[in-house]
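Colleague: Going down the list, the protein sequences come from chains A and B.
Our numbering applies: residue 117 is where the first sequence begins, and numbers increase by one.
Our numbering applies: residue 148 is where the second sequence begins, and numbers increase by one.
Bear in mind the hints are in silico, worked out from the structure with no lab data behind them.
It is possible that some hints are incorrect.
Said to hold, decoys possible - Heads up, simulated SDA-like pairs for lysine to any residue below, C-alpha to C-alpha not over 25 Å straight-line:
(1) B:K228 - A:Q281
(2) B:K322 - A:Y124
(3) B:K297 - A:D118
(4) A:K120 - B:L314
(5) B:K323 - B:S279
(6) B:K228 - B:K265
(7) B:K183 - B:F222
(8) B:K265 - A:Y124
(9) B:K215 - A:D118
(10) B:K178 - A:P122
(11) B:K183 - B:G220
(12) A:K278 - B:K183
(13) A:K120 - B:K215
(14) A:K120 - B:I211
Claimed, not checked - Here are the simulated distance ranges between beta carbons:
(15) A:A136 - B:K297: 34 to 42 Å
(16) A:E127 - B:K265: 18 to 26 Å
(17) A:E132 - B:K323: 35 to 43 Å
(18) A:S143 - B:R217: 26 to 34 Å
(19) B:L274 - A:E213: 30 to 38 Å
(20) B:A327 - A:T217: 29 to 37 Å
(21) B:V195 - A:A164: 35 to 43 Å
(22) B:Q174 - A:N228: 44 to 52 Å
Claimed, not checked - These stretches of chain A come out as covered by chain B in the derived footprint (C-beta under 8 Å, 3 or more residues):
(23) 119–125
(24) 130–140
Even glycine gets a Cβ: it sits at the ideal position worked out from N, Cα and C.
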Amino acid sequence: MDFKEPLYNYEVNPPENIWANIDAALSAESAQLPLRKKPRIYLYVASAAASVIIIVIGFIVFNKRPKELSASPAFANQITNGKKTQDSILLNNKILEEIITTTEDKNLLALNYEYSLKGRKYLTIAGPEGQPVKISPKAATLIESADNEFPPKPVWNKQVDKWQQIMLSNMLSPTSANLLDIVQMPVSGNNN
Amino acid sequence: MSEQSNHIPSESDLIKGCLENNRQMQQFLYKIYAPKMYGVCLRYAGNVEDANDLLQEGFIKVYINLSKFRSEGSFEGWIRKIFVNTSIEHFRRKTQLYNITEAQENTIEDADINALNKLAVKDIIQLINELSPGYKTVFNLYVVEGYSHKEIAAMLGITIGTSKSQLARAKSVLKKSLEAINHETEKGNINS
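Work out the full structure: start from the sequences and follow the hints.
Modeller: If you want it as structure tokens, here you go:
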């Protein structure tokens with residue numbers, strides 16, 4: 117189509133005040149630079165690190181195969197025999213259920229639990245095979261994205277693979293702020 | 148401007164100067180690329196006010212992200228990509244595309260809109276700007292910028308089928324507009 121070339125190269129002189137606006141915005145940006153740039157970088161790095169940790173924990177926890185788990189009877193006994201462990205799992209499952217089913221702000225509730233669990237940074241919940249799994253309270257919202265049922269079913273491996281595909285094909289960098297938005301996007305090329 | 152400031156710097160000097168936050172170099176860069184990028188903004192925005200905002204936002208992004216330019220492709224191509232992405236973000240804020248099945252596509256041939264060749268660029272842009280934001284964005288990305296439906300789907304967070312149907316509908320609307328223009332022209336010729 118011949119009209120493509122002139123459209124692609126179409127040029128118009130912009131209004132003169134635009135550069136003045138850009139100049140003012142750049143001045144404001146550089147005036148705030150010493151105060152704001154470093155903490156911003158740290159914030160991005162911290163967010164990226166948090167996202168990577170969540171994904172890595174997800175892979176480690178959810179990629180454990182049933183075969184490997186059943187190969188350790190001592191481990192299974194430890195799960196079922198320890199009353200303290202069972203009580204802890206029950207309590208933590210309750211917290212997890214509360215986070216998943218709440219109609220309030222899930223992230224806020226998860227954060228509240230994180231602060232209230234001083235010295236214990238993780239919730240220990242029963243994993244898909246009944247094994248104790250340590251997760252961050254914030255991961256409860258991710259589990260909700262993976263599976264709307266409680267207790268969660270072992271569909272997480274597939275879900276984590278899907279998230280990986282979405283992130284690899286996405287232009288956006290995952291951070292703790294946009295991770296949930298990204299994982300809820302359709303996989304590139306998927307017509308659903 | 149002094150004699151020195153009238154000298155047009157090389158691309159590498161321009162980039163180096165902008166990275167050093169040299170305002171004169173930033174203004175040079177603006178003067179070189181603003182007319183072409185304003186043309187891009189006008190094609191996506193639909194009105195002058197939005198195009199002005201896009202131009203301003205786009206250039207600020209260019210200056211802030213200049214350190215990420217790796218000199219692997221053309222500098223103008225890199226700048227254009229920033230403006231296209233800025234326009235897409237603007238489009239995503241303003242509208243939502245609904246996924247449509249492939250069955251709803253129609254089959255307008257390119258020959259049907261080749262009559263656009265007879266129009267001046269300004270008139271073509273006016274016709275494109277009369278399209279709805281979804282049609283216009285997909286038409287610009289596919290026909291003018293040369294992205295594939297797969298790339299467009301990933302950029303806009305829609306399916307390939309939706310991208311194809313939006314393009315087909317955009318062509319259909321353009322075809323009708325062209326027919327109306329032809330009809331008016333013929334009527335004018337008969338009267339004269």
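Colleague: Identify every previously stated hint that the structure contradicts and give their numbers, smallest first.
Modeller: 6, 9, 12, 13, 14, 19 and 20
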